[in-house]
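**Q** Chain by chain, the residues run as shown.
There are 2 protein chains.
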Amino acid sequence: MASNEFFFGTLNTIDKRVAYSRQRQRGVRHDNRLLPQAPRPGDPPTVVVSTELPHAVERVVCTLQEPQQQTVVLQPAGDHWDLLNWRYFQTWQARLPAYAAGTTVRYTIAAYPAGGGDPLPADEGQTFSYTVGQPGPPQWAHEAIIYQIFPDRFHPGAGHSWREAQSMSDIHGGTLQGIVENLDYVADLGFNCIWLNPFFPDETHHGYHATDYFDVEPRLGDMSVVRRLVEEAHARGIRVLLDFVANHWSSEHPTFRQARADRNSDYYHWYRWREWPDDYETFFGVRELPQINVDHPAAREHLLRSADFWLSDVGFDGYRLDYAHGPSHDFWRAFHDTVKSARPEAWIFGEVVETPPVQLSYDGRLDGTLDFLLMQALRDTFAFRSNGVAQFDAFLNAHERFFPPHFSRPSFLDNHDINRFLWLVGGDRQKLKLAALCQFTLIGPPIVYYGAEVGVTQERDIVQGERHVLEEARQPMRWGGAQDDVLHLFYRDLIHLRRAHPALWRGDRRTVYLDDEAGLYAYTRSDEHETVLVALNLSDHLHRFEAAGHSFELPPWGGDVQIFAADVRAGAQGRR
Amino acid sequence: MASNEFFFGTLNTIDKRVAYSRQRQRGVRHDNRLLPQAPRPGDPPTVVVSTELPHAVERVVCTLQEPQQQTVVLQPAGDHWDLLNWRYFQTWQARLPAYAAGTTVRYTIAAYPAGGGDPLPADEGQTFSYTVGQPGPPQWAHEAIIYQIFPDRFHPGAGHSWREAQSMSDIHGGTLQGIVENLDYVADLGFNCIWLNPFFPDETHHGYHATDYFDVEPRLGDMSVVRRLVEEAHARGIRVLLDFVANHWSSEHPTFRQARADRNSDYYHWYRWREWPDDYETFFGVRELPQINVDHPAAREHLLRSADFWLSDVGFDGYRLDYAHGPSHDFWRAFHDTVKSARPEAWIFGEVVETPPVQLSYDGRLDGTLDFLLMQALRDTFAFRSNGVAQFDAFLNAHERFFPPHFSRPSFLDNHDINRFLWLVGGDRQKLKLAALCQFTLIGPPIVYYGAEVGVTQERDIVQGERHVLEEARQPMRWGGAQDDVLHLFYRDLIHLRRAHPALWRGDRRTVYLDDEAGLYAYTRSDEHETVLVALNLSDHLHRFEAAGHSFELPPWGGDVQIFAADVRAGAQGRR
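The listed protein sequences derive, respectively, from chains A and B. Using the numbering used here, the letters of the first sequence map in sequence onto residues 1 to 576. Using the numbering used here, the letters of the second sequence map in sequence onto residues 1001 to 1576.
Check before you lean on any hint, since a few could be wrong.
As the list claims (entries may be wrong) - Beta-carbon label-pair distances, calculated as ranges:
#1 B:Asp1417 to A:Asp540: 55 to 61 Å
#2 A:Leu35 to B:Arg1385: 40 to 46 Å
#3 B:Ser1167 to A:Pro76: 49 to 55 Å
#4 B:Asp1118 to A:Asp540: 23 to 29 Å
#5 B:Gln1093 to A:Leu35: 17 to 23 Å
#6 B:Pro1297 to A:Asn85: 41 to 47 Å
#7 A:Arg236 to B:Asp1118: 50 to 56 Å
#8 A:Pro76 to B:His1541: 34 to 40 Å
#9 A:Glu58 to B:Ser1169: 49 to 55 Å
#10 A:Arg506 to B:Pro1297: 52 to 58 Å
#11 A:Asp428 to B:Val1073: 40 to 46 Å
#12 A:Pro76 to B:Arg1385: 27 to 33 Å
#13 A:Arg163 to B:Gly1116: 58 to 64 Å
Please keep in mind that the hints were generated in silico from the structure rather than gathered at the bench. Just so we're clear, the structure is a prediction, and the values are computed from it rather than from any experiment. Glycine included, each C-beta is placed from N, C-alpha and C at the ideal position.
Given these sequences and hints, build the entire structure.
**A** Put into structure tokens, the structure is as follows:
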């Protein structure tokens, strides 16, 4: 039985949401609330703070550190009732000065208790920041169609076979050379972008326990093959994104080993010690993954140098940023500035498994965030049918209004940490195809997880009682006769459909048909040149219906796309 | 052991607050949200609606029924993330037309599903309304000092003694004549207002199971004694408020008996039947208290006639409205208009045991609401010390900013449904006096529950395991030698202090001293004529301190008041 995992691990029960909500309201909170979130040149942004304290607050002050020392006093902006904490909280606002494009503004915020006493810093003393007039993602990002490759599981290369792996956690023998050799395969499908899971020196099969961010795991290849991979990809019109983890790395990283061995080491401050040497902040309690103190200048500098290196020196085109919710927004601001300065056309998006407002708070720091909410909605709708199409439509409408169009929301049906979609639907290719058709006709740049296009699935569920065996989602790629040719052809067509019709990534979306009971759903994507009409039958029955003046006869779990030059936005609509 | 009851019964656990919060967000919700809540003449108010539905919403429409038929289409005002329900909701707004003073505006709101389908009414189809330019409470309300009298427990009168009561639920024999005979006692203390618990025909000792809203319980008196009570009170400068329950009455009420006996009775629609004749809406599940359908024209008319009768015909000065959160806002709008038309100087305030925003939603319909939150804060601070003075100060500041000054918030330390304050503090008169000093020097018109001023207390706690024996708070009044003379004198002085110094009810409040650790707290109330400085020592130790240039030496649980003409608002402040 396949599980519909809830991906928002810190928010997956009502109790956790209540605790989160209560916690986030207490104390002095800024939470990077700027209006607008990514200020434009000459446009003074409004900074928003809330206070919920066991004493009155006399004033709240924003202290600018850059571009020059200056204080701005916030004004009271209202009192509100916090139902869950059962007390009042107060909001405060002030306009910060307007600055020219490229100016970095850094500030802290503190609330002063009425009648004196020490100021209370917002968000545990964080430094907040933004750089004025950040350009947003490059144009090519909007057109990107991404293939996610997990190096150990894609192709052994150089005539090698897969290793005899003892388990799914064992090394399977994929290499970077194996990827280079199969770039034609990727290009032929039509992908114009690759997201590469990490390849840094690392004993694990997945590469998320790295010990050096400037080198390559020898088992996977060396620097020259990395350079060749990027060059060969570029030669095929394929950009390459690297998976980068700023939040943590291996406890075997030499800086951590030194910091742990010697309290006076320069690296001591690179980590967050609760009690040296055995108690330190980690990635969700995994002792092998110490959290990096990205706000310490030298540690930050090290990470930024690495980020710069792979772009400037090797030619990568951007980053997929693992657990981006860990490091501070100020770190990402600096990361963003480094990246865009190294390569103005670079694209960076984060894994921020959080609420929409928190995701949007990264605007101006990251180009966007992976669309976990859409993934959940697609699975609920197309795999489990726990959502009707009306509910899916309501979600899509709100979701598309909530995020500004410039904010990248790469879409996906699955990835290396969750059940593959094909596994979820018991191998039913029709359901996968229909979900992919929907994914590929929405605004977010679609990601295909290697092998989804040829029927790679699992042998057992990721959820094993209390344990999650993520490796199940990392079965080796199928090649040659093991590939599902029909699915392969479908994905190839789908990718070329999106590439041939820019309305699919830049057009307005409009629902033109919806029958919740029957499970029928149709929408158009329209730009100034054309309209693409997408019709979906999410039921076990054949259905005939008309949408926007076009007739459809769709088999169970079938979909159709019609393209025409006429603008149908004023056309017929129906809902039964 | 005295219990600190949590009074917000529907919100007294985190689970209830979570359920409430989730429930209130779902569907189509207006919740009487108008900006401003009580529109002024010529001022077009903004109507606010939120939708959280399992399908998209095409438009939201406000349909005006009065003063003329008209529809106003709301505009989308944003998408927001509902963390607890884990989905988006949308807000909508529109400006309604501006109307002249006295115009009653009535409207419904509905959301239309995208693509067609039946409109979904807001708030289960409620009709919302307001009357433009409602004047707010009369001037005398701001100056009111209220004595709450529970008729069966105040005085037998006419030379009678108390009955030999078998229990606290039994009749004790107080009468309206007993009240008349003791108006001098009330006047001598300095009260200028009485709130009379109900005296309608009713077999219970408390009068909340009435069977006729136009008559008097014979045991308590008759119409002539009621008239005499009002006249005699007025002769002493005392206004009289009647306790009125619009939400429910006794199942022995003749209209209910007929409705239950005969489905074709005219009275059938006066009630809310789930399944006639045995299943009907009640006051919190009490079958003896059927809920009245106040939105049914004839039932409403009956209630309004009664409200008019006691004001116009008998001369009452207003109402304390029991469980005012039960009937609709539209009912209260009509009630308000009837009351103010019968007696422009009438004052009405409601028992709305709800969050501050819900309380404030009655602005323009009621003159105010009983200040349950302040009562809780006073008890937490002065009886239990579970709040420090800094937290109390933070609460007071926010609370005073949250409610506009015209909105009445009558204050109280206890009432007929909760433990008496003196019981809570184990009979410690110093603590009662200090809490009362604070109560009497804040903006809200203070209410004294009969007997608090002479040491009436309880024999056991109201909370008996799972059961609440409210009657414990209704011990008979003490007279003559049984009275605590020191307390009596203290209350008399306190009342006269407030009457002599209008700054106490109309002045700005400003904290001038706060020492959370020591439990010292001082504030000023200042109008253009004078400043009253209030200093409180909430500790078990004698303390000396200076506040606003004045020295205090306060015994444990002692307070002091200083009055001077100079304005100290620019004066010295301290916080240790």
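**Q** Are the hints correct? Go through all of them and say.
**A** Verification of the hints:
no.: 1; hint: B:Asp1417 to A:Asp540: 55 to 61 Å; verdict: 59 Å, holds
no.: 2; hint: A:Leu35 to B:Arg1385: 40 to 46 Å; verdict: 41 Å, holds
no.: 3; hint: B:Ser1167 to A:Pro76: 49 to 55 Å; verdict: 53 Å, holds
no.: 4; hint: B:Asp1118 to A:Asp540: 23 to 29 Å; verdict: 28 Å, holds
no.: 5; hint: B:Gln1093 to A:Leu35: 17 to 23 Å; verdict: 18 Å, holds
no.: 6; hint: B:Pro1297 to A:Asn85: 41 to 47 Å; verdict: 43 Å, holds
no.: 7; hint: A:Arg236 to B:Asp1118: 50 to 56 Å; verdict: 54 Å, holds
no.: 8; hint: A:Pro76 to B:His1541: 34 to 40 Å; verdict: 35 Å, holds
no.: 9; hint: A:Glu58 to B:Ser1169: 49 to 55 Å; verdict: 51 Å, holds
no.: 10; hint: A:Arg506 to B:Pro1297: 52 to 58 Å; verdict: 57 Å, holds
no.: 11; hint: A:Asp428 to B:Val1073: 40 to 46 Å; verdict: 44 Å, holds
no.: 12; hint: A:Pro76 to B:Arg1385: 27 to 33 Å; verdict: 29 Å, holds
no.: 13; hint: A:Arg163 to B:Gly1116: 58 to 64 Å; verdict: 59 Å, holds
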